[in-house]
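Trainee: Chains as they are written, first to last, in the numbering used here: chain A, 2 to 161; chain B, 18 to 168.
Source of the hints: derived by calculation from the structure; they are not laboratory data.
Treat the hints loosely; a few may be bogus.
[Unchecked claim] Straight-line Cα separation of at most 27 angstroms, DSS-like style, residue types lysine-lysine; simulated pairs:
no.	chain 1	residue 1	chain 2	residue 2
1	A	58	B	160
2	B	64	A	52
3	A	30	B	153
4	B	122	A	52
5	A	52	B	22
6	A	51	B	64
7	A	75	B	64
8	A	10	B	122
9	B	109	A	75
10	A	10	B	109
11	B	160	A	10
12	A	10	B	64
13	A	51	B	62
14	A	10	B	30
15	B	122	A	58
16	B	153	B	163
17	B	109	A	35
[To be verified] In silico contact screen, one side only, chain A against chain B (beta carbon under 7 angstroms); selected entries:
no.	residue
18	21
19	42
20	58
[To be verified] Non-contacting residues of chain A with respect to chain B, defined by C-beta distances greater than 10 angstroms in every case (computed):
no.	residue
21	29
22	31
23	32
24	35
25	41
26	44
27	71
28	74
We put the CB at the ideal spot given by N, CA and C, even for glycine.
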Amino acid sequence: MKWKGNNSKCMSDEMIQMYIDNEIDEFEKAGMEKHFAECENCNLRLYEQKKLIFDFKQSISLVNIESIEIPEFKHEKTPVIARKKYRLFYWKWAAAAAILIASSLFIYKKHNTNIQDDVRYIIFDMSSEVDANKPLHEQSMSIYIIDKSGKQIENNINNL
Amino acid sequence: MNNFKDIYNTYYKLVYRLAFKFLGNHDNAVDITQDVFLHLYSQLKLKREIYNTKAWLYKVTSNLCMSFLNKTKRITKHEYENPAVDEVDNEKNIEVVEALKKMNKRDRVLLTLYSEDISYKEMVEITGIKFTSIGKTLSRALKKLKHEMER
Ligand SMILES: [Zn+2]
């Protein structure tokens, strides 16, 4: 391990991080503690890094998972049909996408005649992000193809 | 597949929480969590050996979340709503998740895992980053994150 600083004994940022995370061996730890007691500068850096870590962990860990229900496990992909919301705002894009999909599906059908029997719904999900200033081919979009039983059989044909 | 049910019940909430930290969205986190366990289910069905279940789950979750984020690119703020978080906390959470999004993939994954109190050894297993680089990377990434949040 490297010891960097103005004083040859001063701690590198890496060492301080590893010390806080308790990822250094006992021998090194003892040496570091001795130095922290003697060196005001390193002691301050230790305090600051600890605070940085505390603030980060606190602000990202705000989800109370106790209130999250564990759903019953399903062996297939969840049918997406029930949850997708449509916004009127996007109707223009949806219409444009519909034409694109219809034509691409037509080509697909040519290659695979069974698809007609399997496909029940085709869903265009434009809800992720639409930036009206960008051309259509730069829009992020997901397409879901759902079969008769509601299972998702094809998805995420992005950036057509 | 009794084994699977145990794993599912033991780790469901942890996987969900990690996914939520990446995505900031309840519905998407639930979807990814389902995908992660679906993946596990098929691995176990194929009798594939998984040595460290927790690390494996965290790895698959990180990968699925990152590819989901690559696909959806930007997520608008209102999607951060979470039923389990109050409004003030939600604002703070948005701030940190937004700042994380501006960081590179490696730093972002590492910091998110770090917030789950995962050991360096497990981080190596999950991310493939060398053990000797973890401390340095974390230290730098935390400072970068703070800088992003102050902007
Ligand atoms: Zn010092």
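Trainee: Each hint needs a verdict: does it hold in this structure or not?
Mentor: Against the structure, the hints come out as follows:
{"no.": "1", "hint": "A:58 x B:160", "result": "holds, 13 angstroms"}
{"no.": "2", "hint": "B:64 x A:52", "result": "violated, 45 angstroms"}
{"no.": "3", "hint": "A:30 x B:153", "result": "holds, 17 angstroms"}
{"no.": "4", "hint": "B:122 x A:52", "result": "holds, 24 angstroms"}
{"no.": "5", "hint": "A:52 x B:22", "result": "violated, 39 angstroms"}
{"no.": "6", "hint": "A:51 x B:64", "result": "violated, 44 angstroms"}
{"no.": "7", "hint": "A:75 x B:64", "result": "holds, 19 angstroms"}
{"no.": "8", "hint": "A:10 x B:122", "result": "violated, 34 angstroms"}
{"no.": "9", "hint": "B:109 x A:75", "result": "violated, 34 angstroms"}
{"no.": "10", "hint": "A:10 x B:109", "result": "violated, 38 angstroms"}
{"no.": "11", "hint": "B:160 x A:10", "result": "holds, 23 angstroms"}
{"no.": "12", "hint": "A:10 x B:64", "result": "violated, 52 angstroms"}
{"no.": "13", "hint": "A:51 x B:62", "result": "violated, 44 angstroms"}
{"no.": "14", "hint": "A:10 x B:30", "result": "violated, 44 angstroms"}
{"no.": "15", "hint": "B:122 x A:58", "result": "holds, 18 angstroms"}
{"no.": "16", "hint": "B:153 x B:163", "result": "holds, 16 angstroms"}
{"no.": "17", "hint": "B:109 x A:35", "result": "violated, 37 angstroms"}
{"no.": "18", "hint": "21", "result": "violated, 9 angstroms"}
{"no.": "19", "hint": "42", "result": "violated, 16 angstroms"}
{"no.": "20", "hint": "58", "result": "holds, 5 angstroms"}
{"no.": "21", "hint": "29", "result": "holds, 12 angstroms"}
{"no.": "22", "hint": "31", "result": "holds, 18 angstroms"}
{"no.": "23", "hint": "32", "result": "holds, 16 angstroms"}
{"no.": "24", "hint": "35", "result": "holds, 20 angstroms"}
{"no.": "25", "hint": "41", "result": "holds, 20 angstroms"}
{"no.": "26", "hint": "44", "result": "holds, 17 angstroms"}
{"no.": "27", "hint": "71", "result": "violated, 5 angstroms"}
{"no.": "28", "hint": "74", "result": "violated, 5 angstroms"}
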